[in-house]
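S.K.: Here are the chains, one letter per residue:
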Amino acid sequence: MSQTYIAGAAMTTFGKHTGVLAPDLAQKAILNAVKDAEISLNDVQAIYCANVFGGMILGQVIVRDLGLKGIPVYNVENACASGATAVHLARHAISAGQYDTVLVFGIEQLTQLGGGTIPLQLNDQMTSLYAQAGMVLPAVYAMRATRYLHEREATRADLAAIAVKNRFNGSLNEYAQQQSETTVEEVLASRMVADPLTLLQCCPSQVDGAAALVLTTKDRTGRRPVKILASVVQSGIREEHNDDILDAEITARAARLAYEQAGVSPAEVEVVELHDAFTIAELLYYEALGLAEKGEGVQLLRSGATRINGKVAVNPSGGLLAKGHPLGATGVAQMVEVAWQLQGRAGRRQVDSPKIGLTQCTGGGIAGVDHAASSVHLLGVSDV
Amino acid sequence: MTNSTVQLWSEGGTRTLLASRNRHTDRLHFPPIKETSPLATDHELVSVPSTGTLYSYTVIHPNPKSGLAPHALGYVDIDDAPLRLFGKLQGSNSPAIGNRYRAIPDEQFGYVFEAINEGVKP
Chain A
1 MSQTYIAGAA MTTFGKHTGV LAPDLAQKAI LNAVKDAEIS LNDVQAIYCA
51 NVFGGMILGQ VIVRDLGLKG IPVYNVENAC ASGATAVHLA RHAISAGQYD
101 TVLVFGIEQL TQLGGGTIPL QLNDQMTSLY AQAGMVLPAV YAMRATRYLH
151 EREATRADLA AIAVKNRFNG SLNEYAQQQS ETTVEEVLAS RMVADPLTLL
201 QCCPSQVDGA AALVLTTKDR TGRRPVKILA SVVQSGIREE HNDDILDAEI
251 TARAARLAYE QAGVSPAEVE VVELHDAFTI AELLYYEALG LAEKGEGVQL
301 LRSGATRING KVAVNPSGGL LAKGHPLGAT GVAQMVEVAW QLQGRAGRRQ
351 VDSPKIGLTQ CTGGGIAGVD HAASSVHLLG VSDV
Chain B
1001 MTNSTVQLWS EGGTRTLLAS RNRHTDRLHF PPIKETSPLA TDHELVSVPS
1051 TGTLYSYTVI HPNPKSGLAP HALGYVDIDD APLRLFGKLQ GSNSPAIGNR
1101 YRAIPDEQFG YVFEAINEGV KP
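Order-wise, the sequence lines are chains A and B.
Note that the first sequence covers residues 1 to 384 in this note's numbering.
Note that the second sequence covers residues 1001 to 1122 in this note's numbering.
Simulated from the structure, these hints should not be mistaken for lab results.
Small disclaimer: the values here were computed from a predicted structure and weren't measured.
Think of the CB as a built atom: it goes at the ideal place given N, C-alpha and C, for glycine as much as any other residue.
Watch out, some of these pointers could steer you wrong.
Stated by the list, open to error - The calculated label-pair distances, taken between Cβ atoms and stated as ranges, are: (1) His1024(B) x Ser40(A): 57 to 65 Å; (2) Asp1042(B) x Asn123(A): 52 to 60 Å; (3) Gln1090(B) x His241(A): 18 to 26 Å; (4) Asp24(A) x Ser1047(B): 54 to 62 Å; (5) Ser353(A) x Thr1053(B): 45 to 53 Å; (6) Gly70(A) x Glu1035(B): 45 to 53 Å; (7) Gly116(A) x Ser1037(B): 25 to 33 Å; (8) Ser1047(B) x Arg191(A): 36 to 44 Å; (9) Gly116(A) x Ser1047(B): 31 to 39 Å.
As the list claims (entries may be wrong) - Chain B regions said to be covered by chain A (calculated; three or more residues, Cβ under 8 Å): (10) 1045 to 1058; (11) 1073 to 1079; (12) 1085 to 1097.
Build the full structure now, drawing on both the sequences and the hints.
M.R.: This is how it looks when you write it as structure tokens:
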């Protein structure tokens, strides 16, 4: 089975790219990733395009004018986990020996939706009924937060502290949508959206962006190669009546499988990009990813261990809260960030010489499961 | 997609909330599975209690530009049935985990949860 390396990584700035068409946005990331990998477009044997709301055959629309010779383009959709799922599938093909050089990119243009919460997948009886009653993703996360504050020794200020940490990180990241710091007081005083979650605890809904990776069987750039140590995608199991909504079961399951696949323990992970669509999510994922023992997520946050200079830096890019969350691009962009971190290319937000990094994202959008999809990847760097 | 054809409540005098019970596993499914579903033959329609306990909740504060008032939503663990249902919460300005609620028919949403005054026998 061939190993898979991230030979090239690039992304656009995340923000409002109003009036920019998909090809113009995505091609920036694609061409920079190819350049970063020190290959030519003609070396690419297949393309994986991750996107949610851009419509049919978006990948072909984006690459039509790049002069490619009819190579396969696969369009991948798995809600917010689309990008990570595309990487997962590309790695399958490389592992199987089908290709040795592929391009994976993710793109989303949420400004074209006009703002507001992401719509649920209504082609389902239960989701349709619940959505009619008011179920939206902020409500789902807010109910987790309410339960968290009820069960744990945690406060609203702890929730806000996640936003403060990630906005600080975003202030160091020229690719982030939000590049200004904030305070606990400011976060708590911002408009209430879904109690206890205030506006600054929700990732911005008006964001566009693209990210791209070149995956190969061998990194020829001369940089320290970044290898994909594990790649896992899992789907939600139908909820039971007595499920603990603080378990993040699907993500805990995906993480467990990824650690097994890589032969790595959670204690070895030094940099993490996780799916902080809302502040509560990061606290839950500390535990689901094994960074903290069950019930000790808030203590991990308070200890400072998840800051950029901490034992395990979480969301040094600013995460979804600060960097932004253009759905299809997110999973790819998380791996761009971790690859840069592992190679010491993350500029002012650089974590101190990490060797192993983890990315995690979830795709929601239906009732009756924790999440529809969750993906965990482990990346490792070795000396040249 | 519409739920207008899904029967959530029994007909007749005392209307009860309905769910589908899997004949093989006893597992309950809400909303009930439609008669037209390929899964229908494995299920039968059963009545379930309409009362339960609030497991978690949120109060949604719509953007002020919308002009909509805040409203509460929550998960209610139904009494003596393996069911946790999501729905609108009514009848209390300050829901709290552990509060008691009763599902009642609602023309717009199919059902809503009404707060039960603990001083009155349900």
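S.K.: With reference to the structure, classify each hint as holding or not holding.
M.R.: Verification of the supplied hints:
1. His1024(B) x Ser40(A): 57 to 65 Å: holds (58 Å)
2. Asp1042(B) x Asn123(A): 52 to 60 Å: violated (22 Å)
3. Gln1090(B) x His241(A): 18 to 26 Å: holds (22 Å)
4. Asp24(A) x Ser1047(B): 54 to 62 Å: holds (58 Å)
5. Ser353(A) x Thr1053(B): 45 to 53 Å: Hint holds: Cβ distance 51 Å, inside 45 to 53 Å.
6. Gly70(A) x Glu1035(B): 45 to 53 Å: holds (48 Å)
7. Gly116(A) x Ser1037(B): 25 to 33 Å: holds (32 Å)
8. Ser1047(B) x Arg191(A): 36 to 44 Å: Since the Cβ atoms of serine 1047(B) and arginine 191(A) sit about 42 Å apart, the hinted range of 36 to 44 Å holds.
9. Gly116(A) x Ser1047(B): 31 to 39 Å: Since the Cβ atoms of glycine 116(A) and serine 1047(B) sit about 38 Å apart, the hinted range of 31 to 39 Å holds.
10. 1045 to 1058: holds (count 4)
11. 1073 to 1079: With 5 residues closer than 8 Å to chain A, the stretch 1073 to 1079 of chain B meets the three-residue bar; holds.
12. 1085 to 1097: holds (count 4)
Hint 2 from the earlier list is the only one contradicted by this structure; the remaining hints agree with it.
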